[in-house]
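Trainee: Each chain, letter by letter, is given below.
Number of protein chains: 4
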Amino acid sequence: MQFLSDNAAAVHPAVWKAMLAADAPAPPYDGDALSRELDARFSSLFGRECVALWVATGTAANCLALAAMVPPHGSVICHREAHIETDEGGAPGFYLHGAKLMLAEGESAKLTPATIDAVLAGIRQDVHQVQPQAISITQASEYGCVYRPDELAAIADLAQSRGLRLHVDGARFANAVAHLGCTPAEACAGADALSFGFVKNGGMSAEAIVFFDPALADVVRYRRKRAGHLQSKGRFLAAQILAMLEDDVWLHNGRAANAAAAHIAQAAGDRLLHPVEANEVFLRVDATEREALRNAGFSFYDWGADAARLVASWNADTAHVAALADAIRQL
Amino acid sequence: MQFLSDNAAAVHPAVWKAMLAADAPAPPYDGDALSRELDARFSSLFGRECVALWVATGTAANCLALAAMVPPHGSVICHREAHIETDEGGAPGFYLHGAKLMLAEGESAKLTPATIDAVLAGIRQDVHQVQPQAISITQASEYGCVYRPDELAAIADLAQSRGLRLHVDGARFANAVAHLGCTPAEACAGADALSFGFVKNGGMSAEAIVFFDPALADVVRYRRKRAGHLQSKGRFLAAQILAMLEDDVWLHNGRAANAAAAHIAQAAGDRLLHPVEANEVFLRVDATEREALRNAGFSFYDWGADAARLVASWNADTAHVAALADAIRQL
Amino acid sequence: MQFLSDNAAAVHPAVWKAMLAADAPAPPYDGDALSRELDARFSSLFGRECVALWVATGTAANCLALAAMVPPHGSVICHREAHIETDEGGAPGFYLHGAKLMLAEGESAKLTPATIDAVLAGIRQDVHQVQPQAISITQASEYGCVYRPDELAAIADLAQSRGLRLHVDGARFANAVAHLGCTPAEACAGADALSFGFVKNGGMSAEAIVFFDPALADVVRYRRKRAGHLQSKGRFLAAQILAMLEDDVWLHNGRAANAAAAHIAQAAGDRLLHPVEANEVFLRVDATEREALRNAGFSFYDWGADAARLVASWNADTAHVAALADAIRQL
Amino acid sequence: MQFLSDNAAAVHPAVWKAMLAADAPAPPYDGDALSRELDARFSSLFGRECVALWVATGTAANCLALAAMVPPHGSVICHREAHIETDEGGAPGFYLHGAKLMLAEGESAKLTPATIDAVLAGIRQDVHQVQPQAISITQASEYGCVYRPDELAAIADLAQSRGLRLHVDGARFANAVAHLGCTPAEACAGADALSFGFVKNGGMSAEAIVFFDPALADVVRYRRKRAGHLQSKGRFLAAQILAMLEDDVWLHNGRAANAAAAHIAQAAGDRLLHPVEANEVFLRVDATEREALRNAGFSFYDWGADAARLVASWNADTAHVAALADAIRQL
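In order, the protein sequences belong to chains A, B, C and D. Residue numbers for the first sequence follow my numbering, beginning at -18 and rising by one. Residue numbers for the second sequence follow my numbering, beginning at -18 and rising by one. Residue numbers for the third sequence follow my numbering, beginning at -18 and rising by one. Residue numbers for the fourth sequence follow my numbering, beginning at -18 and rising by one.
Treat the hints as calculated values from the structure; they're not laboratory data. Check the hints yourself; a few may be wrong.
Where chain B lies over chain A, by a calculated footprint (3+ residues, C-beta under 8 Å) [to be verified]:
#1 -10 to 3
#2 68 to 74
#3 203 to 211
Here are some of the chain D residues that sit facing chain C, going by a computed Cβ distance under 8 Å [to be verified]:
#4 Pro9
#5 Ala37
#6 Thr40
#7 Ala41
#8 Cys44
#9 Gly70
#10 Met185
#11 Ala196
#12 Ala208
With a Cα cut of at most 25 Å, we get these calculated SDA-like pairs of lysine to any residue [as the list claims (entries may be wrong)]:
#13 A:Lys(-2) / B:Asn(-12)
#14 B:Lys(-2) / A:Asp4
#15 C:Lys(-2) / D:Ala(-9)
#16 D:Lys(-2) / C:Trp(-3)
#17 A:Lys(-2) / B:Leu312
#18 D:Lys(-2) / C:Tyr10
#19 B:Lys(-2) / A:Ala5
#20 B:Lys(-2) / A:Ala2
#21 B:Lys(-2) / A:Ala(-5)
#22 A:Lys(-2) / B:Ala5
#23 C:Lys(-2) / D:Pro(-6)
#24 A:Lys(-2) / B:Ala(-9)
#25 C:Lys(-2) / D:Ala5
#26 A:Lys(-2) / B:Ala(-5)
#27 D:Lys(-2) / C:Ala2
#28 B:Lys(-2) / A:Asn(-12)
#29 D:Lys(-2) / C:Ala5
#30 A:Lys(-2) / B:Trp(-3)
#31 C:Lys(-2) / D:Asn(-12)
#32 D:Lys(-2) / C:Ala306
#33 A:Lys(-2) / B:Asp4
#34 D:Lys(-2) / C:Val200
#35 D:Lys(-2) / C:Leu223
#36 D:Lys(-2) / C:Ala(-9)
#37 C:Lys(-2) / D:Ala303
Beta carbons are placed, not taken as given, at the ideal position from N, Cα and C, and that holds for glycine.
Construct all of the structure, not just a fragment, from the sequences and the given hints.
Mentor: Below, the structure written as structure tokens:
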């Protein structure tokens, strides 16, 4: 019973179907008909003109987007526990040519105008200090929490007033939209670019970088190739994304995963370390309790010495979820 | 009738089958059983201990391998028309942090000890000049020509005597091995690392970097993540590669593509610009002749003003090949 | 009455004399007799074989030294308030090609084995996390405090046991040695490289990078040129350094600056934010008090809202120092 | 009798005088009065608004200027024998984060619109190929030849029509202006930035980057610090430059060096490999002849197997020059 990672889950049947259908000769790279369709599909989804490029990983999506926003001598303000800071093997340093991540605080890995301001307050406008050019937030956050539209608006206002770009890491964007019950556009309002994740949500190997400022996309086209991320049979990535968008598969999957996590959360009571708003459950459980859960057949990651992270996938088995909820209750 | 690129061809059925079979929950990244199998399979194929890592593109394979061999202040000697110089959007500059490519001459995009020496002769051992640390050759070359074992040995000897690493870009390594009729090990003897290509030969999105020096792999593991190339569902890349190795699919495909190219070459006579030893045919044809071929239904790239490049895929249609051969004869 | 920065002070007469004497035609770069003398002079000073290279700034010295120790995918552990983190405009990100600084805590900007361990404890040996390769400490620290030999030994032991290199930023190394009353070797024992500062201590534009591992110097020779720091009339940098070493000018200047700071410190009583062990005094003074000091003719930097930094130079005027001490007493 | 390099020559007395005069306490970095004066002085010299920043070396000047013009995924078109390509230890790769140098041909290391066009013609506007963003020319060229105003205008026109920035490496700009007898502005018309060299012309350790587009300077201010080139006692660099500008010392020195070279050139007759328009003489002389010259007391660099480079300094000794001319005649 796997609650280790949504990365470990299976690929959605609609994705497989679209990939198999894409297996006809076609122009290489992103010259094929499917890749050419992405801009229109995302523009329709977001209700405004946008440009969308596929890449294979969220790390590439985040770093390519940020690299177009920030010069090598600049910096990105992000949360101390942002994925780009803690889990991408230093990829921002590579893609941004040594630009810095400036770490801000915030409950449940969410930034606020106040925590961003606290970072900005420490920076003199002076060549001795690196100057920030962008803010990156994660929607839903690394602790499975979701920015409300008014929270986004406040951050976007701050970004604009300080001349900073805004990037949204949406590795679990579907879960955030499912939670908010709003439009995708509302769930990332004010962003210049969004890393729209599909791999954790039923895709195989395709994420989209959605640019609300087309000038950024013009840079990233070159940077994507330069990073070895322009796959020659790109039609198979485009096919995955289009399949996820078709009939809102992405949203249904996000809802399903959220529902499973909510089910688990109900059982957890005051063991919860963070509100469960997406598909991740952070649980206060000591080593003995974790062993008990593992002995009962559940796999998950430890989260420090006294906690665990349990992630529900888009196809989480109802029986497994119920069993896990029971097991937690009985700890 | 598509002779544009082997990139445009379909995915081999065995690859699809393996990918579908891999669609069970598994540890993410390269912790799954399939990824863990690669070292053994390549060690067996090459008859010696080696370490193999998957990546999605040849550009990533080449640049990650070279980045482990060459410090940022160093350089790589390669052919003036090497793929890494002409077609990778500056990826070596990115991955090698500004290290230089030093361009050497050679017939049909093949280096020789003499042309490498000519580059070395121009370099004083002096901090004002960038110092070379590696040689990169392409097997088969960018003009579809193949290094013989004795040619490889001569280059490897030179590399060793000068303290240079040797990298082999094997985007079409299968075609080279098929042409030589030797073992894979013989076709890249002396190399420290090989980019073993599968995407042009029936794969979808997986290439292998094969390290004959495991210390290089230890670096590339980190660099791969840092470049956003560590896919979370890596089992689907490993599955592709294992399927290509199983029953020598890679070799059969290479032979099939070579045979198709040879068929076309026979028709081309003295129009051939380079010996046809792999699956690429470079043809002297003027604009009128190219138009005639296109009107007859053949797609291909122009190669400058007076030539064309025609590439045979692993699944080249026999009838299309015969038709092309006829069309060329009738020019 | 200038207590703004030791950077602002005058150049020592012996330095001028040596520079003027160096104004004869000589081989360019570091081929001149003076530059050639550095290795021997520093080897003699440190009582062991070492290699010394001049550069114009401490930032270049620190970053070149670290770049030879740490690959682009690695990191350096340093104090949260280390100069390389807070005041070098992101130079480590540039020179180390995106390698990371990992920030540790510690009183008065000094690291301890415990605070370094706290950083190490948070890092899994896993490609998702950047791995540390070096520790950088500042002797004397950014708050004018000095590592004792036993503190250095503890850090050096930790570094060795974890396979980490040790770099010492010695922008105020002279002040540290003067305070400790030990040999220069004892004041940086265990270091692989030392940025030995002269500019804040009576020099004009020359710092030395002293390598206790010559292999690092072999890399930095190339990196120095690549960074545009190999000056063509390098003899004028070597002359400065040799003049500072001759008759222990560096040490006398360090002692003089320390004595001036001690004089001020005595007047400061419990206003002192940090022990005064070198030539910097950090003083608790509110805005009104700072204004009073400035009105009395003293220049210095504010240090946040309720403090000031006062720096004594090698040639601090005794009368100015006494006046400052009085003024502080009368606050 | 030294004809090795203008780098090896002495420092002009006016430079010494200004440096000694600058030895009073002053704000650090470029906050001092002398550094603040540069913009006005260069604006007056060039008859238009410009911004000027000091750095210690020509390599830093060239690379900082280019780094502000060209993104990491771009390229610079320069001559195959440009200093930035052949003699800066890969500094452009470092400063431009892996951007490429695209090498063009041209007599005597001078580019022409035709040779630039030949490079541009080979580049498809396509992500697989690196796209050029700037042209860099050297005035006077690496072979001591000078661009005429009409030649500059033609290159500037081409740059503008193709959306390329124009950089002028003026390591020997004084010699070029002296030769042309025009204004400094005319000698670099159309440039966005000029590396104005002083070190080879009587300075010690200061070059100016003159920006005709102030937006570039705003970037370089940060990049200069980030590269460790913001010296804390910057007043000594500013003093050198101001002294060189005062009473046209730079121009007098350029004329003197040119005159010495012209004297040598007259003796050389058809041994000259390039027109002598600045202070460098490239001479066809075989090994025996070079030995004879060296035995007669002249020092210089070999230039390949059958030639020598002789450089006249600003303070070339008239007797030495005459002796050299004689010695060449007698070969």
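Trainee: Establish whether the coverage given for the segment 203 to 211 of chain A by chain B is satisfied; the threshold is a Cβ-Cβ distance below 8 Å, and no fewer than three residues must meet it.
Mentor: holds (count 7)
Trainee: Taking 25 Å as the top limit, are the C-alpha atoms of Lys(-2) (chain A) and Leu312 (chain B) close enough?
Mentor: violated, 43 Å
Trainee: Grab the minimum C-beta distance from Gly70 (chain D) to chain C and call the hint holds if it beats 8 Å, violated otherwise.
Mentor: holds, 4 Å
Trainee: Against the 25 Å threshold, does the CA-CA distance of Lys(-2) (chain D) and Ala306 (chain C) hold or violate the hint?
Mentor: violated, 36 Å
Trainee: Return the status of the interface hint for Ala37 (chain D): holds when the least beta-carbon distance to chain C is below 8 Å, violated otherwise.
Mentor: holds, 5 Å
Trainee: Given the hint that Lys(-2) (chain B) pairs with Ala5 (chain A), test it: the Cα-Cα distance must not exceed 25 Å.
Mentor: Roughly 17 Å separates the two Cα atoms, so the pair holds.
Trainee: Are 3 or more residues of the segment 68 to 74 of chain A near chain B, judged by a Cβ distance of less than 8 Å?
Mentor: holds (count 5)
Trainee: Against chain C, is Met185 (chain D) within 8 Å by beta-carbon distance?
Mentor: holds, 6 Å
Trainee: Apply the coverage criterion to the segment -10 to 3 of chain A and chain B: a residue qualifies when its Cβ sits closer than 8 Å to a Cβ of the chain, and three qualifying residues are needed.
Mentor: Three-residue rule met by the segment -10 to 3 of chain A, so holds; n is 5.
Trainee: Is Lys(-2) (chain A) within 25 Å of Ala(-9) (chain B), Cα to Cα?
Mentor: This hinted pair holds, its Cα atoms lying about 15 Å apart.
Trainee: Given the hinted pair Lys(-2) (chain B) and Ala(-5) (chain A), is their Cα-Cα distance within 25 Å?
Mentor: The hint holds at about 17 Å.
Trainee: Does Ala303 (chain D) sit within 25 Å of Lys(-2) (chain C), going by the straight-line distance between their CA atoms?
Mentor: Given pair Lys(-2) (chain C), Ala303 (chain D) is violated - Cα atoms ~33 Å apart, limit 25 Å.
Going down the numbered hints, you'll see the structure goes against 11, 17, 32, 34 and 37, while the others check out.
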